[in-house]
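K.L.:
Sequences are here, hints too, so could you generate the full structure?
Order-wise, the sequence lines are chains X and V. For the first sequence, this note's numbering assigns the number 4 to the initial residue and increments by one for each residue that follows. For the second sequence, this note's numbering assigns the number 6 to the initial residue and increments by one for each residue that follows.
Among these hints, one or two may not hold up.
Said to hold, decoys possible - Think about it this way: if two alpha-carbon atoms lie no more than 25 Å apart in a straight line, the pair counts; the simulated SDA-like pairs of lysine to any residue are:
id, chain 1, residue 1, chain 2, residue 2
1, V, K178, X, P60
2, V, K148, X, E49
3, V, K148, X, E50
4, V, K47, X, G110
5, X, K19, V, A256
6, X, K19, X, R166
7, V, K148, X, L48
8, V, K148, X, Q111
As the list claims (entries may be wrong) - Short, incomplete list of chain X residues facing chain V, as computed with Cβ under 8 Å:
id, residue
9, E54
10, F66
11, G145
It is worth saying that the hints were derived from the structure and are not from the lab. All C-beta atoms in this analysis are idealised placements derived from N, C-alpha and C, irrespective of residue type, glycine included.
This is what each chain is made of:
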Amino acid sequence: MTKMTYREAVRAALRKALRSDPRVFLMGEDVGRYGGAFAVSHGLLEEFGPERIRDTPLSESTFLGAGIGAALGGLRPIVEIMTVNFSLLAMDQILNNAATLRHMSGGQLNVPLVVRMATGGGRQMAAQHSNSLEGWYAHIPGIRVLASATVADAYGMLLGALRQPDPVFIFEHATLYPLEGEVDESAEPLEITRAAVRRSGGDVTLITYCGSLGKTLQAAEILAQAGIAAEVLDLRSLRPLDTPAILASVAKTHRAVVVDEAWRTGSLAAEISARIMEQAFDDLDAPVARVCSAEVPMPYAKHLETAALPKVEEIVRAAQELVPRHG
Amino acid sequence: MCPASNSDGPMPDREHALFLLREMLRIRRFEEKAAEMYSLQKIHGFLHLYIGEEATGVGAMQAFTPDDAIVATYREHGHALARGLPAGPLMAEMFGKATGCSRGHGGSMHFFDKARRFYGGYAIVGGGLPIAVGLALAEKLQKRPGVAACFFGDGAVAEGEFHEALNLAALWKLPVIFLCENNLYAMGTALARHQAQTDISAKAAPYGLPSSAVDGMDVLAVKAAAQQAAAFVRAGNGPYLLELRTYRFRAHSMADPDLYRTKEEIEEWKKRDPLALFEARLRAWGLLDDAARARLEAEVAAEIEEAVRFAEAGPWEPAENLLADVQGPPPS
Chain X
4 MTKMTYREAV
14 RAALRKALRS
24 DPRVFLMGED
34 VGRYGGAFAV
44 SHGLLEEFGP
54 ERIRDTPLSE
64 STFLGAGIGA
74 ALGGLRPIVE
84 IMTVNFSLLA
94 MDQILNNAAT
104 LRHMSGGQLN
114 VPLVVRMATG
124 GGRQMAAQHS
134 NSLEGWYAHI
144 PGIRVLASAT
154 VADAYGMLLG
164 ALRQPDPVFI
174 FEHATLYPLE
184 GEVDESAEPL
194 EITRAAVRRS
204 GGDVTLITYC
214 GSLGKTLQAA
224 EILAQAGIAA
234 EVLDLRSLRP
244 LDTPAILASV
254 AKTHRAVVVD
264 EAWRTGSLAA
274 EISARIMEQA
284 FDDLDAPVAR
294 VCSAEVPMPY
304 AKHLETAALP
314 KVEEIVRAAQ
324 ELVPRHG
Chain V
6 MCPASNSDGP
16 MPDREHALFL
26 LREMLRIRRF
36 EEKAAEMYSL
46 QKIHGFLHLY
56 IGEEATGVGA
66 MQAFTPDDAI
76 VATYREHGHA
86 LARGLPAGPL
96 MAEMFGKATG
106 CSRGHGGSMH
116 FFDKARRFYG
126 GYAIVGGGLP
136 IAVGLALAEK
146 LQKRPGVAAC
156 FFGDGAVAEG
166 EFHEALNLAA
176 LWKLPVIFLC
186 ENNLYAMGTA
196 LARHQAQTDI
206 SAKAAPYGLP
216 SSAVDGMDVL
226 AVKAAAQQAA
236 AFVRAGNGPY
246 LLELRTYRFR
256 AHSMADPDLY
266 RTKEEIEEWK
276 KRDPLALFEA
286 RLRAWGLLDD
296 AARARLEAEV
306 AAEIEEAVRF
316 AEAGPWEPAE
326 NLLADVQGPP
336 PS
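P.N.:
Here's what the structure looks like:
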């Protein structure tokens, strides 16, 4: 096991992929000379050269589309989009082409493309750099959507994604890059379709992913001190959702809180809540609760941003309201 | 308005000349049959016919080899036929049959043939250009000899992706030939009503790539220009923009009442029908007589009839396969 940061883990996975497969290359804005907007690709240009670490113009739609074309042409492109807000400029290529080509071509084509991007708020970047739109991506058939919440997943998901025959979108929460953890660099590429139980408990299931895992684990700790044993489920794969893992936990705890940094309306949290209602109605002892971001463009000022994002206390309160008082 | 023919070039050899005429005639008759099948409700959805533009696809396609990758638009029947996709699976695709070239998943706008490196019809205007850039990047990075040929229309030059793609291809010196089939209308909006600069070939220079424009009603001129562009690109010089000035004789789609242009304008252009022009030249050169013309017509008619028979006979994709091609099997 090697101790490293989330940022270093993504970089280590990129390096491993670039070393082991000549078809792999990285392209995106400032991934080369600058070293990556979040310093993820720092040093890779020097090691692998400008053919494989390609700085692009600010043309998200075209370099994403070029990633699709390169994948069709036999390469294994990794496209970095600086933030999820910028990915909106590439939505046409993502939905109309990347997600569609296999089916629309009657199964002849496949697009083995990996796209990484930063998501989420919490860094006072205001309304155009702070959204959590991964739920929009999870709406789209034809792609896989992953979100890494741990350092080990930051490493393993990328390598697992590169083995897939179809497009994979990996969301990295922008506040997680300095997070420290341990990585087993000799491990096999991760199986990327399963959720992970990050803490076991029998009283309530807290379902979350990516940047909200830390807050949710903190909430579980506070709940434990209050005598409530919370189970924390890290979704990891947002499309497909690991529904069996969600149902198994709810069957055990009979209560669920979904913690999702996205806006509540039409969110992934809504989808998860609906699935529990549809498939585990009889297991439930209380309605499914949701803790989401306030429905407001993300404000800049710290106290306002904090007010907009899900908070540990909200998660604690939501769980407490579901669990009957002890004694 | 109509460009004069700029090809009084050398006489082609007879066999090749008849091949070019046959290719254009195949497209013309295929499209006429498609329109008929649409009115018989065998074909549904959108149907965009290529009639009038045959010389651009047929002429340009002569510059490409099986190693090259072809990207086209939703008006791609002609490109598919000229690329060598057999007519039967194309007609079957429009019928929605499992024997269609995309198993009935795509229809008229989305023909694909991986084996022939025909990477499809793209129905979001401009959407194919980035794909072609990526296909060219794959050729270059893997040191393969192929180039990417990207067909699109004049409407696409208003899209950001046109400008981004030209810039990126030139910046990275990628082997792409951008082939703009300028039929003067973006659906119903005339070029001069959506572009301040109506000379499309002039849009290449700001991005640092060479370009030219050619009479798209003259199959030999198109062929020569495309071959010249392809030679430039194959030599490792980076991309090239070729504007093919043409006109569609039919409405934008079968749903279009065609109210935005005059009948006189259409009739004026029909005087430069690419098939009639080429046929007249072949006759003048003594390469075609009535008997050969009749034989050609009969052979093409037989091919199109066979395509319809193939489409009619094909099975429907079983509905239980609905989700089969959404994603591939996970890695073992």
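K.L.:
Is the hinted pair K148(V) and L48(X) satisfied, with a Cα-Cα distance of at most 25 Å?
P.N.:
The hint holds at about 21 Å.
K.L.:
Verify the interface restraint on F66(X): the C-beta must sit less than 8 Å from at least one C-beta of chain V.
P.N.:
This hint holds: F66(X) lies near chain V, its Cβ roughly 7 Å from the closest one there, short of 8 Å.
K.L.:
Has the given pair, K19(X) with R166(X), been kept, meaning a C-alpha gap of at most 25 Å?
P.N.:
Cα-Cα ~13 Å, so holds.
K.L.:
Starting from K148(V), check that the Cα of E49(X) is at most 25 Å away, please.
P.N.:
holds, 22 Å
K.L.:
For the pair supplied as a hint, K178(V) and P60(X), is the alpha-carbon distance within the 25 Å limit?
P.N.:
Roughly 14 Å separates the two Cα atoms, so the pair holds.
K.L.:
Given the hinted pair K19(X) and A256(V), is their alpha-carbon gap at most 25 Å?
P.N.:
violated, 54 Å
K.L.:
Please work out if K148(V) and E50(X) have their alpha carbons no farther apart than 25 Å.
P.N.:
holds, 21 Å
K.L.:
With a cut-off of 8 Å, does the beta carbon of E54(X) approach a beta carbon of chain V closely enough for the hint to hold?
P.N.:
Cβ of E54(X) sits 6 Å from chain V, so the hint holds.
K.L.:
Is the straight-line distance between the alpha-carbon of K148(V) and that of Q111(X) 25 Å or less?
P.N.:
holds, 24 Å
K.L.:
Is the straight-line distance between the alpha-carbon of K47(V) and that of G110(X) 25 Å or less?
P.N.:
holds, 24 Å
K.L.:
With chain V as the partner, please determine if G145(X) meets the hint condition of a C-beta pair closer than 8 Å.
P.N.:
This hint holds: G145(X) lies near chain V, its Cβ roughly 6 Å from the closest one there, short of 8 Å.
The structure fails hint 5 only (numbered hints given earlier).
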